[in-house]
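Chemist: Put together the whole structure using the sequences plus the hints.
Listed below, chain by chain, are the residues.
Protein chains: 2
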Amino acid sequence: MTRTYSDALAAHQDEPVRLQGWLLHQRRLANVSFVLLRDARGIAQVVVSDTAERERVSEYMPETVIEVRGRVVASEQATSGFEIHDPEIAVISAVTEQTPFELRRKEINAQLPTVLDNAAVALRHPAKRAAFRLSAAAMQGFRSTLDSRGFTEIATPKIVAAATESGANVFAIDYFGRPAYLAQSPQFYKQKMVGVFEQVYEIAPVFRAEPHDTVRHLAQYVSMDAEMGFIESHRDVMAVLSDVIAGMVTTSQEMASTALELLGVDLPVVPDEIPVVHFRTAQEMIEAATGESVVGEPDLAPAHERWLGEWAKTEHGSDFVFVEGYPMAKRPFYTYPDPDRPEFSQSFDLLFRGLELVTGGQRLHAYSDYLAALDGEVPEGFEGYLDAFKFGMPPHGGFAIGLERWVARLTGAQNVREVTLFPRDLNRLTP
Amino acid sequence: MTRTYSDALAAHQDEPVRLQGWLLHQRRLANVSFVLLRDARGIAQVVVSDTAERERVSEYMPETVIEVRGRVVASEQATSGFEIHDPEIAVISAVTEQTPFELRRKEINAQLPTVLDNAAVALRHPAKRAAFRLSAAAMQGFRSTLDSRGFTEIATPKIVAAATESGANVFAIDYFGRPAYLAQSPQFYKQKMVGVFEQVYEIAPVFRAEPHDTVRHLAQYVSMDAEMGFIESHRDVMAVLSDVIAGMVTTSQEMASTALELLGVDLPVVPDEIPVVHFRTAQEMIEAATGESVVGEPDLAPAHERWLGEWAKTEHGSDFVFVEGYPMAKRPFYTYPDPDRPEFSQSFDLLFRGLELVTGGQRLHAYSDYLAALDGEVPEGFEGYLDAFKFGMPPHGGFAIGLERWVARLTGAQNVREVTLFPRDLNRLTP
Chain A
1 MTRTYSDALA AHQDEPVRLQ GWLLHQRRLA NVSFVLLRDA RGIAQVVVSD TAERERVSEY
61 MPETVIEVRG RVVASEQATS GFEIHDPEIA VISAVTEQTP FELRRKEINA QLPTVLDNAA
121 VALRHPAKRA AFRLSAAAMQ GFRSTLDSRG FTEIATPKIV AAATESGANV FAIDYFGRPA
181 YLAQSPQFYK QKMVGVFEQV YEIAPVFRAE PHDTVRHLAQ YVSMDAEMGF IESHRDVMAV
241 LSDVIAGMVT TSQEMASTAL ELLGVDLPVV PDEIPVVHFR TAQEMIEAAT GESVVGEPDL
301 APAHERWLGE WAKTEHGSDF VFVEGYPMAK RPFYTYPDPD RPEFSQSFDL LFRGLELVTG
361 GQRLHAYSDY LAALDGEVPE GFEGYLDAFK FGMPPHGGFA IGLERWVARL TGAQNVREVT
421 LFPRDLNRLT P
Chain B
1 MTRTYSDALA AHQDEPVRLQ GWLLHQRRLA NVSFVLLRDA RGIAQVVVSD TAERERVSEY
61 MPETVIEVRG RVVASEQATS GFEIHDPEIA VISAVTEQTP FELRRKEINA QLPTVLDNAA
121 VALRHPAKRA AFRLSAAAMQ GFRSTLDSRG FTEIATPKIV AAATESGANV FAIDYFGRPA
181 YLAQSPQFYK QKMVGVFEQV YEIAPVFRAE PHDTVRHLAQ YVSMDAEMGF IESHRDVMAV
241 LSDVIAGMVT TSQEMASTAL ELLGVDLPVV PDEIPVVHFR TAQEMIEAAT GESVVGEPDL
301 APAHERWLGE WAKTEHGSDF VFVEGYPMAK RPFYTYPDPD RPEFSQSFDL LFRGLELVTG
361 GQRLHAYSDY LAALDGEVPE GFEGYLDAFK FGMPPHGGFA IGLERWVARL TGAQNVREVT
421 LFPRDLNRLT P
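These protein sequence lines are chains A and B, in that order. Oh and the first sequence: position 102 is 102 in our numbering, straight run, nothing missing. Oh and the second sequence: position 72 is 72 in our numbering, straight run, nothing missing.
Where hints are given, some of them may not hold.
The list makes no distinction among identical chains, and a pair is therefore deemed to hold if it is satisfied within one copy or across any two copies.
Stated by the list, open to error - List of simulated lysine to any residue pairs, SDA-like, C-alpha gap at most 20 angstroms:
(1) Lys313 with Asp266
(2) Lys390 with Thr99
(3) Lys330 with Val277
(4) Lys330 with Asp299
(5) Lys313 with Gln77
(6) Lys390 with Ser58
(7) Lys390 with Asp50
(8) Lys106 with Glu377
(9) Lys313 with Val276
These are computed hints drawn from the structure, not numbers from a lab.
Modeler: Pasting the structure below:
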């Protein structure tokens, strides 16, 4: 008999079915036991009336892997509207130990460190795992949007000879006796590949030796990177990013509707035109509204980003707002300056509900501009990066979306570790 | 005017167009110059007759980024059947240096090390980059096949506390002052995740500190991993793998037909039933055919794999053949033994044209079996891995496909570095 999943009982009313999954919980009443079976798609209620079967099943520990053969019956008591009657329950894989916490409750009753220490068990909790369906949907939405625009997927080295974004916060490796580093981003490689495919993307891990133990720092996270050539300005990049975000939202609905419902996610609407405000204008607006002296500061404080998030929501009904034109002083050396106001850059942040979600912008493309930005001296290990620019690079730009940050914002997770399968940080190297 | 790509000239016959790309080559005849423009999709021929324009263009170095405005004219001389007449050619990004080798020839006239040292330029060569369109298509085919079967994409840690596959060949990292390693595979994590989603996959880099400088060893490669629960045996895994391979072939045709044509790739046909031969039977067949004493050896030599590849082609018309039942002695400790012949395993290799392409199999799922396989002693750092098995794991198995190996086989590349964007090996850490 073909296996039936827990979310497909309605299609088999009054028919015999075979379910497989994990024994989530059993509730023993005077004459009947309710056994909850969890599988990849949901939870099925199994009603055990037979005395001998009840006795046998009472011995099974939570998380025992079981197979249930029984009949589907409509029931108003069951959450799904259907339950299994007259079951035969067989053990596929026995459990002899109590799980470190109960999975049957609406939320796991344990502190985050305990949850993370026991991730392999905790992730089985329906609300926990739901967040990772959203991760999968986000990756798919990112890719399908860019595929349809003719981007090519690439895979770049994660072991590099020199730090890319900055000298700090890199992990050092012993590379066959030579020093090497884990890549902090695919930045230089995706730029090189603009010379090959014009439009490229990569979803891959990046590594930051963040010495901070905060709710938003990870030593490894998934970076969804895109880069595109033959742009007029960073505005072309922002247009593609808007499409990508819209695609990620759409794919979440298509691929992860159950997860969205379970987590009560209020999906954002991506307006056709995400509002754009220049960094300097943003500062002036904030100064005018709050009375704080903000204009001239080199960056926006978190409180200012929140203010902008509220402004975008109130004035434009948008959960998103672009801030463009960040000061060059605060952007990496490869950032393209605003030709009219060279102290500002052709770069941007995309804020989602008042928090930075994406950073991007136009990059330098002329070799001479790179030399000038590096004060004429190419740091060791950078030669290979700059070579591409010697041999003709079009105006180009791109962006990077942190997968875990996106899912955290979507689900309202307070700590990015809640939406990371097996997080790595200053203190955590296992499981 | 919207940009037109080089492969779309036919749709614009006798119309004005705007092209952008790289100056691949210019051929100067007595009264006319032929300028070849390369963009992401192909090559367009531009005919320059105007004397002043010819003079200007003659100054432009190969790889100069240019914009061409002109008129599309049908022409029997042009490879595509169309060329651009009466062009105005503007420089977008100038080049002042000769490229390290010419990109205009059918093949790059340089040794592989030189090509790899100058990858950012070499990859622009149409035949070079074509291989990476096949990589992109392979990844997409892998994912779409598994998506349609209900698999969930995951992202697992690449920094781990203990070596997974074996103690050898791992890269050591300084992890905030503690020792850590780069993951050799997502093996243990994908198994844990079977307890969560039942069916999972991941495409991500893996790292091997291979001390061998051969045509097939890389220090980093892309592993396309899948793992699935509630299987009857490794045969269920083989069935999914067959579908995945077929999906990868189909997607190559759909997404990369130009690349296939350019490289003259003879796409394999994946039969509905890929032939399966038991390891022992394979040895007996080889012994009978060759007279070599093979039966009883713990593994197949490359020559034996080639023999099996030819056998599959001749006897079954298949480019693929499964060898199942490898001796336990040659498989990792987590491999599931054949219940009837416990010296053999429920694992397999998939050979493609006589070379190993994929390794997979059923895994142990009972905690007690893991303890026994580890002689009762859990190595340090492994506790967190085994926890998942304490709390109910169904029979499961999976496989891993090396992306670069697949593309190398498909294109007939002699060296896997030819189909790796920026390879990392014993001697190579840049570019």
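Chemist: So, for every hint listed, does it hold in this structure?
Modeler: Hints and how they fare:
Taking identical chains as interchangeable, the C-alpha atoms of lysine 313 and aspartate 266 lie at most 20 angstroms apart only when both belong to the same chain, with a minimum of 14 angstroms there against 55 angstroms between chains. Taking the shortest Cα distances, lysine 390 and threonine 99 sit within 20 angstroms of each other only across copies (9 angstroms), while inside one copy they are farther apart (59 angstroms). In the homo-oligomer, the alpha carbons of lysine 330 and valine 277 lie at most 20 angstroms apart inside one protomer (17 angstroms), although the nearest pairing across protomers, at 62 angstroms, exceeds that limit. Only within a single protomer do lysine 330 and aspartate 299 lie at most 20 angstroms apart by alpha-carbon distance; the minimum there is 7 angstroms, versus 58 angstroms between protomers.
In this assembly of identical chains, lysine 313 and glutamine 77 lie within 20 angstroms of each other by CA distance neither inside one copy nor across copies; the values are 41 angstroms within and 59 angstroms between. Taking identical chains as interchangeable, the C-alpha atoms of lysine 390 and serine 58 lie at most 20 angstroms apart only when they sit on different chains, with a minimum of 19 angstroms there against 73 angstroms within one chain. Neither within a single protomer nor between protomers do lysine 390 and aspartate 50 lie at most 20 angstroms apart by alpha-carbon distance, with minima of 79 angstroms and 29 angstroms respectively. Taking the closest pair of Cα atoms, lysine 106 and glutamate 377 never come within 20 angstroms of each other, the shortest separation being 59 angstroms inside a single copy and 37 angstroms across copies.
Taking CA atoms no more than 20 angstroms apart as the test, lysine 313 paired with valine 276 passes inside one copy only; the shortest distance there is 13 angstroms, against 61 angstroms between copies.
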